[in-house]
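Spelled out from the first residue to the last, the chains are:
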Amino acid sequence: MSAEHYDLAIIGAGIVGVCLAVDATAAGMRTVLIDANAPGLGASAAAMGHLVALGSDEHELRLCQLGQRRWREYGDLPRAQWSDAGTLWIAADEAEIAPLQERSKQLSRLGISSEWLDTQALNEAEPGLRPRLPGALRVTDDALIYPPGALLDLLQRAQQAGLKLRSGHAVSELRESDMQLSDGSRIAAGQRVVCCGLHSAQLLPGLPLIPRRGQLAITDRGLHAPRHALVEAGYVATTQSGVGVACNIQPRPGGQLLIGASREASSETTLNPALLGRMLKRAIDFYPVLAQLPVIRCWSGIRPSSADGHPFIGAWPALKQTWVAAGHEGLGITTAPATASLLMDMLLGRTSELDVAAYDPARALI
Amino acid sequence: MTTAAAMRVDLLIVGAGPAGLSAAEVALAHGRTVALVDQQPAAGGQLWRQGADAAWPTSRRARFDPVLKHAQLRYLPGHRLAMWLSPTLALLQGAEGAITVSADRVLLAAGAREFIPPFPGWTLPGVTGAGALQAMAKTGVDLAGERVSLVGSGPLLLASAATLNQSGARLTGIFEAQPRAQLRALALSLLRYPTRLVEAALLRRRCAHTRYECGWRLLAAVGDERVEAALLLDPRGKTQRVACSRLGVSYALVPNIECAAGLNLSLREDGLFACLRVDAEQRSSNPKIYAAGEITGIGGGALAELEGQIAALSMVGAATQLAQHQNRHRRAKRFADLLADTFGIQTESLPKPVPQTLLCRCEDVSWSAVVDAESSDWRSLKLGSRIGMGACQGRTCGAVLRAYGYPSPVNSRPPIMPVSAATLASLDHVSISKPQGSTQ
Amino acid sequence: MSKTTVKLTIDQQVVESEPGVSLLAALEKLELAVGLSPSGTPRGAFCAMGTCQECRVHVDGQPGVLACMTLVRDGMRVERRR
Numbered sequence: 001m002s003a004e005h006y007d008l009a010i011i012g013a014g015i016v017g018v019c020l021a022v023d024a025t026a027a028g029m030r031t032v033l034i035d036a037n038a039p040g041l042g043a044s045a046a047a048m049g050h051l052v053a054l055g056s057d058e059h060e061l062r063l064c065q066l067g068q069r070r071w072r073e074y075g076d077l078p079r080a081q082w083s084d085a086g087t088l089w090i091a092a093d094e095a096e097i098a099p100l101q102e103r104s105k106q107l108s109r110l111g112i113s114s115e116w117l118d119t120q121a122l123n124e125a126e127p128g129l130r131p132r133l134p135g136a137l138r139v140t141d142d143a144l145i146y147p148p149g150a151l152l153d154l155l156q157r158a159q160q161a162g163l164k165l166r167s168g169h170a171v172s173e174l175r176e177s178d179m180q181l182s183d184g185s186r187i188a189a190g191q192r193v194v195c196c197g198l199h200s201a202q203l204l205p206g207l208p209l210i211p212r213r214g215q216l217a218i219t220d221r222g223l224h225a226p227r228h229a230l231v232e233a234g235y236v237a238t239t240q241s242g243v244g245v246a247c248n249i250q251p252r253p254g255g256q257l258l259i260g261a262s263r264e265a266s267s268e269t270t271l272n273p274a275l276l277g278r279m280l281k282r283a284i285d286f287y288p289v290l291a292q293l294p295v296i297r298c299w300s301g302i303r304p305s306s307a308d309g310h311p312f313i314g315a316w317p318a319l320k321q322t323w324v325a326a327g328h329e330g331l332g333i334t335t336a337p338a339t340a341s342l343l344m345d346m347l348l349g350r351t352s353e354l355d356v357a358a359y360d361p362a363r364a365l366i
Numbered sequence: 001m002t003t004a005a006a007m008r009v010d011l012l013i014v015g016a017g018p019a020g021l022s023a024a025e026v027a028l029a030h031g032r033t034v035a036l037v038d039q040q041p042a043a044g045g046q047l048w049r050q051g052a053d054a055a056w057p058t059s060r061r062a063r064f065d066p067v068l069k070h071a072q073l074r075y076l077p078g079h080r081l082a083m084w085l086s087p088t089l090a091l092l093q094g095a096e097g098a099i100t101v102s103a104d105r106v107l108l109a110a111g112a113r114e115f116i117p118p119f120p121g122w123t124l125p126g127v128t129g130a131g132a133l134q135a136m137a138k139t140g141v142d143l144a145g146e147r148v149s150l151v152g153s154g155p156l157l158l159a160s161a162a163t164l165n166q167s168g169a170r171l172t173g174i175f176e177a178q179p180r181a182q183l184r185a186l187a188l189s190l191l192r193y194p195t196r197l198v199e200a201a202l203l204r205r206r207c208a209h210t211r212y213e214c215g216w217r218l219l220a221a222v223g224d225e226r227v228e229a230a231l232l233l234d235p236r237g238k239t240q241r242v243a244c245s246r247l248g249v250s251y252a253l254v255p256n257i258e259c260a261a262g263l264n265l266s267l268r269e270d271g272l273f274a275c276l277r278v279d280a281e282q283r284s285s286n287p288k289i290y291a292a293g294e295i296t297g298i299g300g301g302a303l304a305e306l307e308g309q310i311a312a313l314s315m316v317g318a319a320t321q322l323a324q325h326q327n328r329h330r331r332a333k334r335f336a337d338l339l340a341d342t343f344g345i346q347t348e349s350l351p352k353p354v355p356q357t358l359l360c361r362c363e364d365v366s367w368s369a370v371v372d373a374e375s376s377d378w379r380s381l382k383l384g385s386r387i388g389m390g391a392c393q394g395r396t397c398g399a400v401l402r403a404y405g406y407p408s409p410v411n412s413r414p415p416i417m418p419v420s421a422a423t424l425a426s427l428d429h430v431s432i433s434k435p436q437g438s439t440q
Numbered sequence: 001m002s003k004t005t006v007k008l009t010i011d012q013q014v015v016e017s018e019p020g021v022s023l024l025a026a027l028e029k030l031e032l033a034v035g036l037s038p039s040g041t042p043r044g045a046f047c048a049m050g051t052c053q054e055c056r057v058h059v060d061g062q063p064g065v066l067a068c069m070t071l072v073r074d075g076m077r078v079e080r081r082r
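Residue numbers (the working numbering), protein chains in the order written: chain D, 1 to 366; chain A, 1 to 440; chain E, 1 to 82.
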């Protein structure tokens with residue numbers, strides 16, 4: 001049986017793969033998108049959809065910024081339920097004020113505006129928050145989307161531009177010349193991008209992805225909802241290592257509240273009741289009226305992460321014409337279009353507007 | 001506040017209907033401590049519903065009032081099941097807050113709900129289940145003088161009509177989907193079950209003046225701000241308009257297996273739906289968990305009562321009584337099977353899906369989302385269209401999808417019923433380790 | 001023994017009800033739509049047995065209370081979803 005031939009094979013129809021498919025088909029590349037399941041059922045289905053300017057260093061921040069810019073450039077994505085809610089980074093105590101002001105300067109250096117709300121201004125902006133919080137940093141250009149909806153809209157766009165979708169068949173073997181799918185068929189492509197989240201390590205042995213489980217809960221509509229995404233300042237520290245919870249409350253268009261965030265070392269999509277309890281307790285601490293809101297669903301998702309907190313985006317040294325894009329931790333949705341841009345630069349041999357050395361997969365290989 | 005009170009009993013019973021009450025009665029008689037949990041404000045479930053306009057007969061009160069007031073029984077009405085922390089440890093929510101109940105054994109007796117398939121106009125105010133109308137009449141809704149039509153299939157239509165006639169409603173008709181020949185065959189078979197024959201005759205007498213049609217199909221409910229009429233297809237294929245201010249629809253009963261979410265219990269098919277699989281002693285696939293009543297297969301109140309008793313007798317090890325009840329169960333089951341054969345509804349008899357008709361009431365998603373879906377993968381369908389992502393947690397639309405042959409796995413994630421964030425927050429202090437003194 | 005009526009407020013309107021009836025019955029008596037579709041059209045009771053969630057109302061500030069599963073109580077403050 002002869003192999004199908006494409007310019008580009010994208011392995012993994014999560015948000016990264018789909019954003020890349022949009023760019024590749026727009027650039028006229030004959031592209032196939034492959035997934036073991038239906039598209040978007042991995043981490044992309046569990047994610048919160050907070051398009052946030054966040055980073056422990058400038059590399060991450062720039063990646064987020066590029067991602068946010070490109071998300072806006074997509075134009076109308078009807079199922080994405082876009083909301084220009086903005087983020088409030090909330091100081092839990094006085095000690096968190098100075099780091100937030102430092103972050104404000106860091107954002108400002110990149111041209112991202114933010115403003116400080118003191119106790120009174122914060123109370124006026126969000127009456128549902130517990131009173132007498134020291135204040136919060138408002139970042140107005142952050143937005144909220146519904147990731148599964150956005151993914152389906154983008155996928156449709158790529159398919160209309162000629163993308164071939166092969167869903168329901170995993171890649172069982174990735175060879176120099178071609179790849180084999182679980183149904184026995186073979187696909188050959190000039191270039192291959194592996195972006196199937198945690199499973200990327202199965203196809204690319206040695207890729208050091210670390211699973212970090214996160215839990216979420218969604219409520220029914222109440223009488224009030226916050227206007228912004230409410231994230232505590234301490235959230236950033238929890239993204240770096242270990243087990244932890246942080247207040248992260250997002251208003252959804254219908255008035256429901258989406259609540260996170262937790263992190264722990266696990267690759268099972270089951271729930272950890274004690275940690276779920278801690279997470280909700282933390283959220284209630286900041287937003288007391290949440291206590292009586294009915295929760296209608298809880299779920300978990302696995303963030304593929306890396307030891308240094310940067311994703312792997314770049315050439316895979318062990319296989320020719322093979323690239324990887326995985327390990328985005330909690331910023332997968334935000335940075336997906338930026339990841340797609342960087343990959344297109346690499347595929348077409350262009351210089352990126354960002355410094356891609358920080359994402360080089362070779363950095364982590366012994 | 002966000003700390004859960006803890007309770008420890010021998011037997012935790014979920015559901016205070018005929019099965020749950022009967023099991024409690026037996027367990028208490030054998031010296032066990034019991035927690036009886038129920039969502040409703042009064043005991044009785046659907047089949048023995050109590051309400052402002054429906055009191056228990058004296059015999060039932062004499063039997064079960066002492067059960068509910070028994071010193072060894074904690075009766076928890078108005079409580080919701082949040083999640084199972086282990087097969088014998090449940091997190092519940094009541095008016096006073098979160099509670100954990102730890103038990104040696106569990107009995108799931110959460111009964112069944114009505115199956116109401118979508119049809120044009122089904123979201124009009126005034127369109128309800130047929131059993132729903134009966135429940136409303138019993139709990140104080142004034143239906144006197146209202147014109148009521150009942151459509152669908154099954155003995156529930158007659159039972160509901162009897163209650164509604166008593167409450168002063170004007171029944172414009174019962175429109176049964178099964179053909180008349182089927183019903184005649186049932187009437188003849190009833191000769192083998194004298195008690196049932198008497199019951200049926202009494203029921204028929206309470207509906208003597210009610211128009212009863214067979215082989216009629218529901219097309220739509222019509223009306224401006226609320227229902228004004230039902231459109232039906234008679235057996236000759238002619239469309240009939242029946243004026244009504246209330247339309248009660250019921251085609252089947254759906255076992256409430258959602259209360260077992262997270263327990264990984266074996267299921268089996270029961271008509272169009274799934275129920276919990278149990279052995280001859282009402283044990284589920286987990287030996288610590290029993291199940292009784294409609295949740296193990298639709299069979300009516302008498303069967304549910306027997307099954308509750310069998311489960312409790314098995315639990316306490318009363319071998320002789322257990323064998324006697326199992327014999328009675330075998331006989332009662334034959335009648336239940338006869339009803340199931342008569343009224344067992346096929347998908348073809350249900351209203352035809354119309355693309356614009358709403359399928360998911362909670363999220364306003366129509367049939368077209370399923371019919372036009374890009375993928376047949378259920379998770380994909382849910383995420384893209386938001387079917388099943390609303391407050392009813394997929395119970396209403398999930399039953400519909402199942403009945404029409406679409407995949408619809410039961411949601412296994414907590415909470416089992418919507419509970420407050422405070423209730424789930426109490427989990428941070430709940431110990432899920434095995435209680436001391438347990439044998440396994 | 002005389003039957004006392006129960007006084008409750010529904011959407012800030014004081015209402016008298018027979019004791020022991022469901023909150024759904026009290027709402028039906030006033031011919032008030034008990035629920036709301038996501039797009040804002042009125043919905044009535046549907047299952048009357050705690051499954052469909054159409055009859056969610058706020059009782060004494062608590063959201064998500066099912067009118068069909070709740071009995072009226074003197075002094076109860078009920079608000080329907082808007």
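Read the hints as simulated data drawn from the structure, not as lab findings. Check the hints yourself; a few may be wrong.
Taking beta-carbon pairs under 7 Å as the criterion, some of the chain E residues facing chain A (in silico) [to be verified]: (1) Ala25; (2) Glu28; (3) Gly40; (4) Ala45; (5) Phe46; (6) Met49; (7) Gly50; (8) Thr51; (9) Cys52; (10) Gln53; (11) His58; (12) Gly61; (13) Gly64; (14) Val65; (15) Leu71; (16) Gly75.
Ideal Cβ positions, reconstructed from N, Cα and C, are used throughout, including at glycine.
Here is how each hint holds up against the structure:
The interface hint given for Ala25(E) holds, since its Cβ lies 4 Å from the closest Cβ of chain A, which is under the 7 Å cut-off. A cut of 7 Å between beta carbons decides the hint on Glu28(E): the least distance to chain A is about 5 Å, and the hint holds. With 7 Å as the threshold, the beta carbon of Gly40(E) stays out of range of chain A, its nearest partner Cβ sitting at about 10 Å, so the hint is violated. Checking Ala45(E) against chain A: minimum C-beta separation of about 6 Å stays under 7 Å; hint holds.
Given the 7 Å rule on beta carbons, the hint for Phe46(E) holds: about 6 Å separates it from the nearest Cβ of chain A. About 6 Å separates the beta-carbon of Met49(E) from the nearest beta-carbon of chain A, less than 7 Å, and the hint is met. A cut of 7 Å between beta carbons decides the hint on Gly50(E): the least distance to chain A is about 5 Å, and the hint holds. Nearest Cβ of chain A to the Cβ of Thr51(E): about 5 Å, under the 7 Å cut. The hint holds.
A least Cβ separation of about 5 Å between Cys52(E) and chain A falls short of the 7 Å threshold, and the interface hint therefore holds. For Gln53(E), the interface hint holds, since its Cβ comes within 7 Å of a Cβ in chain A; the closest pair sits about 4 Å apart. Hint status for His58(E) relative to chain A: violated, with the closest Cβ pair at about 13 Å, above 7 Å. Interface restraint check: Gly61(E) against chain A, minimum CB-CB distance 12 Å, threshold 7 Å, status violated.
About 6 Å separates the beta-carbon of Gly64(E) from the nearest beta-carbon of chain A, less than 7 Å, and the hint is met. With its C-beta approaching chain A no nearer than about 10 Å, Val65(E) sits outside the 7 Å limit, and its interface hint is violated. With its C-beta approaching chain A no nearer than about 5 Å, Leu71(E) sits inside the 7 Å limit, and its interface hint holds. Because the smallest distance between the Cβ of Gly75(E) and any Cβ of chain A comes to about 15 Å, over 7 Å, the interface hint for this residue is violated.
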